[in-house]
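Number of protein chains: 2
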Amino acid sequence: MSNQPAHPTLLIPGPIEFDDAVLQSMSHYSESHVGAPFVAVFSETLSMLRKLFQSTDPASQPLVISGSGTLGWDLVAANLAEPGDDVLVLHTGYFADSFADCFETYGVKATQLKAPIGERPQLPEIEKALKEKKYKLLTVTHVDTSTGVLSELQKLSELSELVHRVSPDTLVVVDGVCSVGCEEIEFDKWGLDAVITASQKAIGCPAGLSISYYSGRAIESFKARKTPPGSYFASFKNWLPIMQNYEAKKPSYFATPSPQLIHALHTSLTQILSIPLSERFAKHKATSQKIKKAVADLGLKQLASNPADQANGMTAIYLPENVKVPDLLPNLLQKGVIFAGGLHKEIATKYIRLGHMGVSIMNEGRGDVEKAIEALEVGLREAGYERKE
Amino acid sequence: MSNQPAHPTLLIPGPIEFDDAVLQSMSHYSESHVGAPFVAVFSETLSMLRKLFQSTDPASQPLVISGSGTLGWDLVAANLAEPGDDVLVLHTGYFADSFADCFETYGVKATQLKAPIGERPQLPEIEKALKEKKYKLLTVTHVDTSTGVLSELQKLSELSELVHRVSPDTLVVVDGVCSVGCEEIEFDKWGLDAVITASQKAIGCPAGLSISYYSGRAIESFKARKTPPGSYFASFKNWLPIMQNYEAKKPSYFATPSPQLIHALHTSLTQILSIPLSERFAKHKATSQKIKKAVADLGLKQLASNPADQANGMTAIYLPENVKVPDLLPNLLQKGVIFAGGLHKEIATKYIRLGHMGVSIMNEGRGDVEKAIEALEVGLREAGYERKE
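Protein chains in written order, with UniProt numbering: chain L, 1 to 389; chain R, 1 to 389.
A portion of the hints provided could be inaccurate.
The list makes no distinction among identical chains, and a pair is therefore deemed to hold if it is satisfied within one copy or across any two copies.
The list that follows gives simulated cross-link-like pairs (lysine-lysine, DSS-like), each with its CA atoms no further than 25 Å apart [to be verified]:
1. Lys345 to Lys237
2. Lys109 to Lys226
3. Lys249 to Lys345
4. Lys335 to Lys249
5. Lys128 to Lys226
If you are wondering where the hints come from, they were derived from the structure by calculation, not from laboratory data.
Work the whole structure out from these sequences, hints included.
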């Protein structure tokens with residue numbers, strides 16, 4: 001079901017497997033970054049992002065910049081907060097620590113609200129924290145790629161509602177690197193102010209693009225800054241006019257975009273939007289539940305212990321005590337599937353991660369998920385593991 | 001001579017036309033960014049960059065990061081200078097202004113040494129400036145993409161020698177975005193401390209990678225900082241261990257690299273290094289002279305009036321008074337070649353730019369250069385221009 005050369009199936013929580021047509025777009029012949037044909041493709045790409053975020057507010061703004069997902073943190077920290085501002089970082093794993101580091105780089109004071117591994121801060125604690133101090137913004141990792149914890153659908157909109165009620169000036173910032181494209185996000189309806197993500201996860205385009213989306217309120221907050229933005233390459237001042245021009249089909253230059261990556265993103269977004277988003281999210285959820293049932297049937301536990309906190313695009317699985325990550329992963333590779341090791345510092349050696357996003361889910365004919373489950377079952381058995389009843 | 005679909009030949013000063021094999025590498029199937037096969041490719045890519053810079057000093061350090069060439073300015077400004085430091089920016093056009101802006105973003109005081117359009121600051125003025133104030137670093141745009149001015153071979157090594165003699169603690173920083181891969185650079189021998197560039201020009205790999213190279217002295221200067229780096233995404237602190245690990249074939253993670261772009265860069269560097277670099281530079285120079293002769297034969301003038309200041313990978317050409325850029329460029333496009341318009345603010349409407357780098361030069365069978373010259377001749381004639389003797 002794929003025209004690509006034989007290769008192990010990549011089932012880590014990003015980069016994911018890519019569709020043939022998307023990879024084909026990566027080889028697009030060279031075009032001027034300010035020529036009409038490419039400008040039209042970039043314009044359509046930005047318009048499609050509005051649809052992906054289910055946003056119709058013309059004051060909102062998509063940004064697509066050459067970079068990694070990590071660049072999204074700089075975009076938030078250098079533009080939406082000012083030196084000396086307090087921000088509240090909800091901690092669910094590795095990525096909150098790094099986001100907090102990023103804020104500190106720009107002189108912004110980050111307060112982390114922590115939760116035990118595999119859990120997430122709860123609304124009453126968040127309400128308490130919001131009442132104690134004035135926070136310029138709050139960040140939440142929608143899906144923590146290190147733990148597979150989802151700050152899930154209903155809770156994300158409830159969280160936003162809480163912030164708007166208790167601290168109405170605080171911006172709601174979502175790290176959606178591992179959620180955009182596989183978890184429902186209704187940007188306008190939920191009252192979000194920023195979602196940052198990357199190309200290589202559920203959006204299904206090779207790595208190399210920082211993709212983010214901002215509310216009119218976030219843009220106004222940027223325009224009202226008393227100090228200039230703290231970064232040059234990540235400055236809204238430099239990028240907003242460029243993105244607005246591209247979307248209006250006017251050539252514009254600050255830094256040279258990557259036409260090949262933009263073509264690939266255009267192809268993947270066209271595919272994503274070819275069916276209702278609700279179908280896409282439902283399919284990711286159904287497949288995720290199938291995988292999680294298989295994991296439970298094997299007698300294994302997830303890091304995200306509460307079913308309501310489990311991501312739909314990845315699963316983080318504790319290994320049995322006698323099975324070691326550096327033994328199991330090469331065995332799975334021999335069976336033709338690539339899983340990821342652990343990432344959360346404190347327990348990295350004790351678990352593995354399986355990504356299930358994008359074409360591996362939407363194109364069932366590939367058989368990627370079945371292959372992964374079977375490999376895991378056989379691999380564990382070969383490692384001497386037997387389920388205890 | 002190319003397997004690509006028919007398309008207008010892109011002859012702007014970047015992005016350039018790409019070789020078939022390079023574009024093919026862009027479609028590489030998905031790989032883990034921390035898996036052994038990709039890590040080996042990244043390692044070889046970093047080693048090849050050392051050769052491209054003709055550098056053998058093990059203390060030097062290549063960086064390859066997802067981003068645009070512009071990100072190189074942040075890498076320099078946020079790591080090699082500290083807030084309050086003075087830096088000297090040699091001005092040859094558009095790009096010096098922007099680099100200076102970037103320094104100011106990070107609290108670094110940029111003094112610009114300006115020259116008339118089409119010229120460049122001369123050594124005696126530079127010596128005078130270096131004696132007047134202590135500069136943390138000096139920046140020079142090796143080839144200014146806005147004007148086609150080259151701070152050329154002999155002068156760049158002479159400039160470096162001058163800095164080392166007059167102000168030995170001052171780092172020598174080269175903006176090589178439009179020079180690396182088509183103009184000679186001997187990093188170690190010339191005593192350079194940093195060269196920043198991008199993938200889509202003479203290196204011949206699609207846009208999306210910031211490529212830069214630092215001396216051991218520059219790295220030591222970073223390590224001796226009294227303040228932390230001013231950027232998170234562009235922080236040496238975050239990137240140096242990652243690049244050192246990748247080169248040593250150890251998986252490492254700070255931000256997800258783009259495997260497809262790294263594969264394409266690997267292919268283009270392999271091609272570049274398949275013949276002696278001196279041959280490559282000589283061929284660019286010979287073709288450039290042919291183009292410049294054709295321009296002179298047409299009775300047209302270059303922005304870079306002094307032959308010793310003319311870049312070998314691009315030519316910026318004043319149009320005759322009665323020929324307008326917005327009329328000529330579409331006419332050239334109809335003839336199947338894409339030239340660029342002017343970029344230097346003060347005279348943008350008066351000139352056009354022709355890029356001649358990479359595969360269009362090295363693969364003569366493509367006939368790109370002949371096609372460009374012929375299109376320009378016919379296009380000007382059709383616009384009513386006749387050479388006055």
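Given a CA cutoff of 25 Å, do Lys128 and Lys226 count as a within-copy pair, a between-copy pair, both, or neither?
Classified as neither; 29 Å inside a copy, 38 Å across copies.
Indicate which option fits the pair Lys345, Lys237 if close means a Cα-Cα distance not exceeding 25 Å: within, between, both or neither.
Between copies only: 19 Å across, 36 Å inside.
Is it within a copy, between copies, both, or neither that the alpha carbon of Lys249 lies no farther than 25 Å from that of Lys345?
between (45 Å within a copy, 22 Å between copies)
Can you give me the call for Lys335 and Lys249, within, between, both or neither, at a CA distance of at most 25 Å?
between (48 Å within a copy, 24 Å between copies)
How would you label the pair Lys109, Lys226 (within, between, both, or neither) given a Cα cut-off of 25 Å?
both (17 Å within a copy, 20 Å between copies)
The structure shown violates just one earlier hint, number 5.
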